[in-house]
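Engineer: Residue numbers (my numbering): 5 to 99.
Honestly, the hints are just simulated from the structure, not real lab data.
Here the structure is a predicted model, which is why all the values come from computation and not from measurement.
Mixed in with the good hints, there may be bad ones.
Capping the alpha-carbon separation at 30 angstroms, the derived lysine-lysine pairs in DSS-like fashion look like this [stated by the list, open to error]: (1) Lys57 / Lys79; (2) Lys83 / Lys57; (3) Lys34 / Lys79; (4) Lys83 / Lys34; (5) Lys34 / Lys57.
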Amino acid sequence: MSQLTFFNTTNESGETLRNYREAARSQDTKIAEYFADMNMPMSPSQVNAAVLKDSPLTSIRRSITNLTQRGVLRKTETKVDGPYGRPEYLWELNV
Numbered sequence: 005m006s007q008l009t010f011f012n013t014t015n016e017s018g019e020t021l022r023n024y025r026e027a028a029r030s031q032d033t034k035i036a037e038y039f040a041d042m043n044m045p046m047s048p049s050q051v052n053a054a055v056l057k058d059s060p061l062t063s064i065r066r067s068i069t070n071l072t073q074r075g076v077l078r079k080t081e082t083k084v085d086g087p088y089g090r091p092e093y094l095w096e097l098n099v
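Using the sequences and the accompanying hints, generate a full structural model.
Structural biologist: Written out as structure tokens, the structure reads:
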């Protein structure tokens, strides 16, 4: 069974659900590729600003969580100041 990438909390179906799932998979791929290309720890906000500016930060966090659960990324112990004055952890490629 494949890993869930989109969490259907609004009970979508049919073509709409397929489109949302594909968008989530695409975000996961772009974020994984960005971590691989940059080869440095980054916070969700940093990834959002650099890669998917038009995506909600919650979508970036979802992708990072999914990629962490799959073993692609790992959470570090390092924190940086986020855009809302709260600390954010950094993630890095799990190599």
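Engineer: For the pair supplied as a hint, Lys83 and Lys57, is the alpha-carbon distance within the 30 angstroms limit?
Structural biologist: Within the cut-off at roughly 21 angstroms; holds.
Engineer: Given the hint that Lys57 pairs with Lys79, test it: the Cα-Cα distance must not exceed 30 angstroms.
Structural biologist: holds, 22 angstroms
Engineer: Do the alpha carbons of Lys83 and Lys34 lie within 30 angstroms of each other, as the hint requires?
Structural biologist: holds, 23 angstroms
Engineer: Hey, Lys34 versus Lys57, does the alpha-carbon distance stay inside 30 angstroms?
Structural biologist: Holds, because 12 angstroms separates the two Cα atoms, which is no more than 30 angstroms.
Engineer: Quick one, are Lys34 and Lys79 close enough, alpha carbons at most 30 angstroms?
Structural biologist: holds, 18 angstroms
This entry satisfies every hint, going by the numbered hints stated previously.
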